[in-house]
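Q: Residues per chain, in single letters:
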Amino acid sequence: MRIAVLVKDVPDLVEELELDESGRALAVDDLSYVPSEWDDQALEEALLLKEASGAHVSAVALDTGDIDNMLYAALAKGADRAVKLVGDYDRTMPGRQRARILADYLADAGYDLVMTGVQAVDDLDGQIAGLLGGMLGWPHASVVRDVAVGSGPVSFVQEYAGGRMAEFRSATPLVLGVQAAKKPPRYVPIARIRQVSRSATLEEVEAGAPSAESTLAVQRLYRPEAQGHATMWEGDAAEVAAALVALLDEQHLRS
Amino acid sequence: MGPIIVVVELQNDAMSPATGELLTRARQLAQARSTRVVALGFGEAARSALAASGADDAVLVVGADPYVPTLAEAALRQMVRETSAGLVLLANTTMGMDLGAATAAAEGRPMVAYVTSLTAVEGGEFTATSQVYAGKLVAEVAVPEGSVLTVLPGSWPADDAVAGGTPVREVAVAPESAMELVRTIEPETGDVDITRADVLVSVGRGIQDPDNLELADELAEALGAVVSCSRPVVDAGWLPRARQVGKSGQTVKPKLYLALGISGAPEHLQGMKDSEIIVAVNSDPAAPIFEVAHYGATCDILELMPLLTELLGEAG
Ligand SMILES: Cc1cc2nc3c(=O)[nH]c(=O)nc-3n(C[C@H](O)[C@H](O)[C@H](O)COP(=O)(O)OP(=O)(O)OC[C@H]3O[C@@H](n4cnc5c(N)ncnc54)[C@H](O)[C@@H]3O)c2cc1C
Ligand SMILES: Nc1ncnc2c1ncn2[C@@H]1O[C@H](COP(=O)(O)O)[C@@H](O)[C@H]1O
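From first to last, the protein sequence lines stand for chains L and U.
Under the working numbering, the first sequence has 82 at position 82, and the numbering climbs by one with no breaks.
Under the working numbering, the second sequence has 568 at position 313, and the numbering climbs by one with no breaks.
Isolated chain L (complex conformation) (with noise of 0.2 Å):
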């Protein structure tokens, strides 16, 4: 079983995301990125599917900037091999865009499943797995956890609202956005990182170009217009205590 897992970054939500100029685009330059946290848990369920029964590990990504410590974070947890796509790319290209270029790497490069994550903070024009899909013709699934293979077709498990699930079973080649791993991500320590990128190497691929292909346009990109914005206690955690217990007594909650 050899198993893509692609693996993107995205802004860190914890620090402000600052517009640029134009209204409609963030300042990418000016941000910093973490790996996307859905991509975390597609790694991790594909290296415990190579602990369990033995699968071949690639982690993939569009040389998009500054990617290199992704893929070689990827190595140092277990991966078997990383790729990286290399062309005129940036961090303002459009998801579909992505999807096209890695949908054209993963036709023909053999690889029995394509595990993403299964959303992106990102992915207005859709989300990754869906798009790969559809690209590529072949079986897909969202919202996956429990997957399972073996010599025959891979099992997974899909997750709906109010905790409700179904098992599925797909022949290959399948794409699968995973929703969570059956373990939390593994951790590994930066110094085992560096580690590894003095002795790893990435494999480049040249990939195709970016297209034009159903790109949205973008009229304006805005912070929630604060329409029902919380009322705010100011103070240290004691006034706010104080707060709490205020709007319990009025509202008659207290036990």
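Hints listed in this document are in silico derivations from the structure and should not be mistaken for laboratory results.
Among chain U residues calculated to face chain L with C-beta under 7 Å, some are:
#1 Ala357
#2 Tyr388
#3 Leu436
#4 Thr439
#5 Ile440
#6 Ser503
#7 Ala548
#8 His549
#9 Gly551
Per the computed footprint, the stretches of chain L lying under chain U, defined by three or more beta-carbons under 8 Å from a beta-carbon of chain U, are:
#10 13-24
#11 117-127
#12 155-169
#13 172-180
#14 210-224
#15 231-243
No experiment lies behind these values; they were computed from the predicted model shown.
Even for Gly, the Cβ is constructed at its ideal location relative to N, Cα and C.
Knowing the structure of chain L, use the given hints to seat chain U with the ligands on it.
A: The following block gives chain U with the ligands in isolation, referenced to the frame of chain L:
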């Protein structure tokens, strides 16, 4: 313009509230653009929902029940092609995520995800707003004819249900599928039912360490409340799944929802935004949770919880 296709989704065997919302907007837009609404439902289970859709054309896909992603996708794509759909509306649920992006990509149509508003604009196209960056930003986008949209449940109100008089037409889908259903899994029932609690002390990733859950337990006890949580707390194995509030967990409407260290991602808000009173405590003043909360504070929850417990004990 070609028809507006609405994908009908079921919840507890009836039309899901999100589907009612989509149908409501579809009927308005169809009128504005002089076109029809086509409701597409999967399998016999969807028959009564289709009959109550108020659509101009209600189509039941024979043999696509229960939901199997590949079969539903084949049926939707066929319908989109045959009708030259002017818009395709799905809820941003598991089903919407399965079918929306794939249909758009396979049929060469634009796609907008996480939609929160959709209006017709002069000149023929549409405008949508979409929630991105976990609700921290809103994107306003031009929506060309032919687009596929997945809409966040609860984005706009639904009209009252239409009386069940819409004629239902059947279509077949090729039965061979790369994917098959093995079994359905019912929700885990937990020790407590968080949907019945008057007061919820709900903790998010801001709790930082499972040992700190004790602080939430003690606070809940002092309040006569129940502890619930956001998804990452469940995924980390710190609390059972039955305690999870949100899109893939429970929908709750307590008298008081105390959100502690929860950022307020759309998937969380979906499960609690209709609570009577929402109090949010989060050290990040820009956290989206403050957009839905009635009261808020930015102090440290690890400091607040024991102080509050103590205060409640003293004055109780
Ligand atoms: C298909 C799908 C379904 C999903 N279903 C659900 C669902 O049902 N329920 C759900 O909750 N999520 C769900 N999610 C996940 C959702 O997108 C978010 O990732 C999740 O809600 C974030 O949880 P959080 O707010 O606890 O964590 P974070 O977003 O990490 O927020 C933690 C917050 O705590 C604050 N904080 C940290 N330390 C402190 C402190 N000491 N004092 C005060 N504040 C502090 C931080 O400022 C931050 O805002 C789903 C996602 C997908 C893709
Ligand atoms: N026939 C159907 N039509 C539409 N949605 C369905 C159908 N069957 C299942 N679903 C979806 O799949 C989820 C889980 O289905 P189930 O476990 O069969 O109740 C439901 O909450 C719906 O989102």
